[in-house]
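There are 2 protein chains.
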Amino acid sequence: MILKTNGERLWDSLMEMATIGPGERGGSRRLALTDADIEGRNLFRKWADEAGCTFRLDTMGNLFARRNGKNSEAPPVLAGSHLDTQPSGGRFDGILGVLGALEVVRSLNDHRVETDSPVEIAVWTNEEGARFPPAMMGSGVFAGIFEQADIYTHQDPEGITVEDELRRTKQLGESPCKLFQIRAYYELHIEQGPVLEAENTSIGVVTGGQGSYWTHITLQGQGSHAGTTPMNYRRDPIMGAARIISGMRDIVLKQPGAVGTVGRLETTPASINSIPGKVFFTVDNRHPDEEILANINQDLMKLVNSVCAEEGLENEFTNIWKAPTLNFHDECISKVRNAAESLGYTHRDIVSGAGHDACQINRIAPTGMIFIPCENGLSHDEAENTTPEQVAAGADVLLNAILASAGN
Amino acid sequence: MILKTNGERLWDSLMEMATIGPGERGGSRRLALTDADIEGRNLFRKWADEAGCTFRLDTMGNLFARRNGKNSEAPPVLAGSHLDTQPSGGRFDGILGVLGALEVVRSLNDHRVETDSPVEIAVWTNEEGARFPPAMMGSGVFAGIFEQADIYTHQDPEGITVEDELRRTKQLGESPCKLFQIRAYYELHIEQGPVLEAENTSIGVVTGGQGSYWTHITLQGQGSHAGTTPMNYRRDPIMGAARIISGMRDIVLKQPGAVGTVGRLETTPASINSIPGKVFFTVDNRHPDEEILANINQDLMKLVNSVCAEEGLENEFTNIWKAPTLNFHDECISKVRNAAESLGYTHRDIVSGAGHDACQINRIAPTGMIFIPCENGLSHDEAENTTPEQVAAGADVLLNAILASAGN
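So the protein sequences, as listed, match chains C and W.
When the count follows this note's numbering, it moves up by one through the first sequence with no breaks and lands on 408 for the last residue.
When the count follows this note's numbering, it moves up by one through the second sequence with no breaks and lands on 408 for the last residue.
Certain hints may be false.
[As the list claims (entries may be wrong)] Below, a sample of chain W positions facing chain C; criterion: calculated Cβ distance under 7 Å: (1) M231; (2) R235; (3) G263; (4) R264; (5) S274; (6) D284; (7) R286; (8) P288.
[What the hints assert, rightly or not] Only part of the chain C face toward chain W is listed, based on derived beta-carbon distances under 8 Å: (9) A143; (10) R243; (11) T261; (12) N273; (13) G277.
Derived from the structure by calculation, the hints contain no laboratory data.
C-beta: ideal position from N, C-alpha, C; glycine also.
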């Protein structure tokens, strides 16, 4: 059985949700647990209520809207994402995962399909982490990655705690925030990258998430006068940095699927007519394979050492953070791929470069993700965009993957 | 006739002068026209007075201490430099030129030599420009490069004008600040670079000054997510900058005597997990030959354009400042070289990478400079250092070059 959703209804809901906490350029600003965030949640609650759902709110404010199945004792199939946004956020990042799941429920109603397992829409609290760090907070506590007691004490820039805001906004529910039995979890999301759009492909079958290494590199040379120091007397760290940056890209380009970014670079002193004594820069390397990523890091370290030896520089090389790679559940991946195939949508396997609630849930339950293209790969910006056709295709795949997991 | 100075006396005077406006690490802080600067000038005045000099103060505070010659109507031979320092300045930059000239006068007295032309010690006001921009202020007005009426209005960071401070400190003299007839001008200075020390050479015969181009380069690419943007979809300006920085050095290394420096580089945004949308950096290129310098600039511009074309970047390339190259006077250069040769000091021709009062005076009168080595090429820092032997050798060369110009 292949069912379709109502893409127009989904698009309308997305557009209506976007008017809450409106941004200045057509996007949204609904920072976690602000009044705007709650207003968005309430609109979702109203819609889910109209679709016949029942609600459960947990002690982290994670909200579950349930459409019962033939077997109400069976573990539910979950689908969702988040409704909070970045400060100048878009209309789709997170929201599509929640309203896509709502559209699945609405479509199951339309088609009068009763699934074997219940289907639940999950709204995870504070995925963005823009107001309260860390990101993926609600799903992280749910998955046992974060301690709720600790998370409760985290503060926003004005010193207001997560617990304060959960209480003030009446989002501190009665269900304990911890894993319950789940048949599968699916999350529909915009890609936040350029690949699907560039390849004119409708559906990304997300197979996993990249691991990443964040590295701080400091090169120490000899600061000196730009006019009076001949080239052969220099130990100039910016020359070392330039070689390392180019060489880092060469290392990364040898590994298909790897990415490498230098996002910050600072010279000390920072003066047009002084050779800097010190250069600091950052490297962010990512790859879906743990071992390949570790090799990239090793090659980078060797490169830094050899360039420094040649340029007469000292260096400090510090991996300040490592995030493990992640593989989604084979069965969920297959169900997403089969759904896209059966629906006749162009699709390709893809790896997520960003973190998602699904990455947390994957630690404790079978999980899969569906990507759709977004305009210019842009996200975390009010200009974030996609099309009614693309969201409809994504929701169709979500519907049929859920059906396959829930049974009917 | 080859005469020698009293190196020990010169060193003692340098050390005594350094105690005025003492720095925290053994250097000095005598910003132009502060009380400390005036205290330094007064100590010099006392010494020059004891050496039998008469004084003339001009309307820019430039101070001339005169030792008369057989022909008091003849144009004097000038030698000098400045007594003001950087905020954390050294004991030699400028001071050596003034006290070296004082030592010449003292030595002429010791040797009872009467020169044909008068010899005058020049103390130029505000060479460093650290309190009041621009640098080389007093010598610049004297040489007609700056307008005195304009310079009078220049302010320090607290809004005090040059004229205010000249009046308050009683340095606004009666002689008009303008060129008078000068037979020759000599300036003794530390190299402020590593060449003489590295080559174990006592004397640098300065043949001229480098020209310089200061350039601002902005590369515009596409800011994006460090995780979700595959390498082949990137237009990453830091990768362009790295190639241009390395390529700039290659261009410079092809031209003996050229130098190239990237002193500042900024990424926007500056975030470890964002591909920067924009990178700004500076280039300072110098060479003693005007045409070669222009070619280096052309090659750099071509490099920027070709790298940007390959990397998919836009660029802005702006030469924000060009300083012309400068050749000292052949006759003065020869007299310096001959003096070093006759005294048996190791010497080499050298080009000044920094600006000096001599660079201003060279526009209007026959000028030469003498460099001596300084420790690690360091200057503009309290750690600036040289040795009694080196300052003595420099003063000996200054004495004999002055003698050659003044006649006796």
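Satisfaction of the W/R286 interface hint, Cβ to chain C closer than 7 Å: holds, 5 Å
Per-residue hint verdict: W/R235, partner chain C, C-beta under 7 Å: Violated - the Cβ of W/R235 stays beyond 7 Å from chain C, reaching only about 11 Å at its closest.
Taking 7 Å as the limit, does the beta-carbon of W/D284 come near enough to a beta-carbon in chain C? Holds - the Cβ of W/D284 comes within 7 Å of chain C, reaching about 5 Å at its closest.
W/M231 was flagged as interface toward chain C. Is the shortest Cβ-Cβ separation under 7 Å? OK, holds: W/M231 within 7 Å of chain C, min 6 Å.
Interface hint compliance - C/G277 to chain W, C-beta minimum distance less than 8 Å: This hint is violated: C/G277 lies away from chain W, its Cβ roughly 11 Å from the closest one there, beyond 8 Å.
Would the stated hint for W/S274 survive a check requiring a Cβ distance to chain C of less than 7 Å? holds, 5 Å
Hint check, C/T261 versus chain W [nearest Cβ-Cβ separation less than 8 Å]: Holds. Min distance 4 Å.
Report holds or violated for the interface hint on W/R264, using the least CB-CB distance to chain C and a cut-off of 7 Å. With a closest approach of 4 Å, the W/R264 hint holds.
Proposed interface contact between C/R243 and chain W, which counts if any beta carbon pair is under 8 Å: holds, 6 Å
The hint names W/G263 as touching chain C; please verify it with the least Cβ-Cβ distance against 7 Å. holds, 5 Å
Taking the closest Cβ pair, is W/P288 under 7 Å from chain C? With Cβ-Cβ at 11 Å, over 7 Å, it is violated.
Status of the hint placing C/N273 at chain W (closest C-beta pair under 8 Å): holds, 5 Å
Checked against the numbered hints given earlier, the structure breaks hints 2, 8, 9, 13 and satisfies all the rest.
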